[in-house]
Amino acid sequence: MAALVREARSELASPEITFRRRRATSVPRKHLEPIGGASPRPKAPAGPSPRRPRGGSQPPRLPPDRDPEEEEAASVLQELEAFGASLEEQSTAVSGLLERRAELSELFEASRREVAELHREMGELASSADPHQQEADDGQTLRHAREALGLAAGEEGE
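Note that my numbering has the sequence shown beginning at 9, numbered continuously upward.
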């Protein structure tokens, strides 16, 4: 993209375009002779100028010394610069998203390792616990669960 912008700028700065600009602006229009023997424009009558309606639907006129190719080149250059700025913004946003993805990936891996470690420790604790105590704990947990279910069922019935 930057290469396209540089290329367009170098075209605008080329000797041919620079020569056209100088030639078009080197002689004031009032000193030019009419082409084909046409008579010069008559001067406006003295006095106040006639009123023109405001806000007409006429398209804006280009200054007579501007080249349409130069206008188009300038327009294309502006579009390229805007597009380049848009690409830079999008590139920055994508870079930020990729960095955030890497951070989240690291956090996920760390939490996965931590969960695996907790499961391993729980397995060790379960295997080293007294089997009779474990059955008693399981029975007590089962009793608490039944009571909780009974309370929930009793609340629904009321």
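In case anyone wonders, no lab produced these hints; they're calculated from the structure. Among the hints, a few may not be true.
Stated by the list, open to error - Here are the in silico distance ranges between beta carbons for each label pair:
1. E107 <-> A10: 22 to 30 Å
2. L105 <-> R151: 45 to 53 Å
3. L106 <-> E155: 14 to 22 Å
4. S136 <-> E97: 31 to 39 Å
5. A101 <-> R151: 38 to 46 Å
6. V123 <-> E87: 16 to 24 Å
7. H127 <-> E87: 40 to 48 Å
8. L106 <-> T149: 55 to 63 Å
9. S135 <-> S99: 32 to 40 Å
10. A81 <-> E107: 52 to 60 Å
11. R109 <-> L20: 38 to 46 Å
12. L112 <-> S136: 49 to 57 Å
13. L112 <-> A156: 53 to 61 Å
14. E78 <-> F116: 40 to 48 Å
All figures in this text were calculated on a predicted structure; none of them were measured in a lab. Ideal placement from N, C-alpha and C gives every residue a C-beta, glycine not left out.
Structure-based check of each hint:
no., hint, in the structure
1, E107 <-> A10: 22 to 30 Å, "23 Å, holds"
2, L105 <-> R151: 45 to 53 Å, "52 Å, holds"
3, L106 <-> E155: 14 to 22 Å, "53 Å, violated"
4, S136 <-> E97: 31 to 39 Å, "59 Å, violated"
5, A101 <-> R151: 38 to 46 Å, "57 Å, violated"
6, V123 <-> E87: 16 to 24 Å, "53 Å, violated"
7, H127 <-> E87: 40 to 48 Å, "59 Å, violated"
8, L106 <-> T149: 55 to 63 Å, "47 Å, violated"
9, S135 <-> S99: 32 to 40 Å, "54 Å, violated"
10, A81 <-> E107: 52 to 60 Å, "39 Å, violated"
11, R109 <-> L20: 38 to 46 Å, "41 Å, holds"
12, L112 <-> S136: 49 to 57 Å, "36 Å, violated"
13, L112 <-> A156: 53 to 61 Å, "37 Å, violated"
14, E78 <-> F116: 40 to 48 Å, "57 Å, violated"
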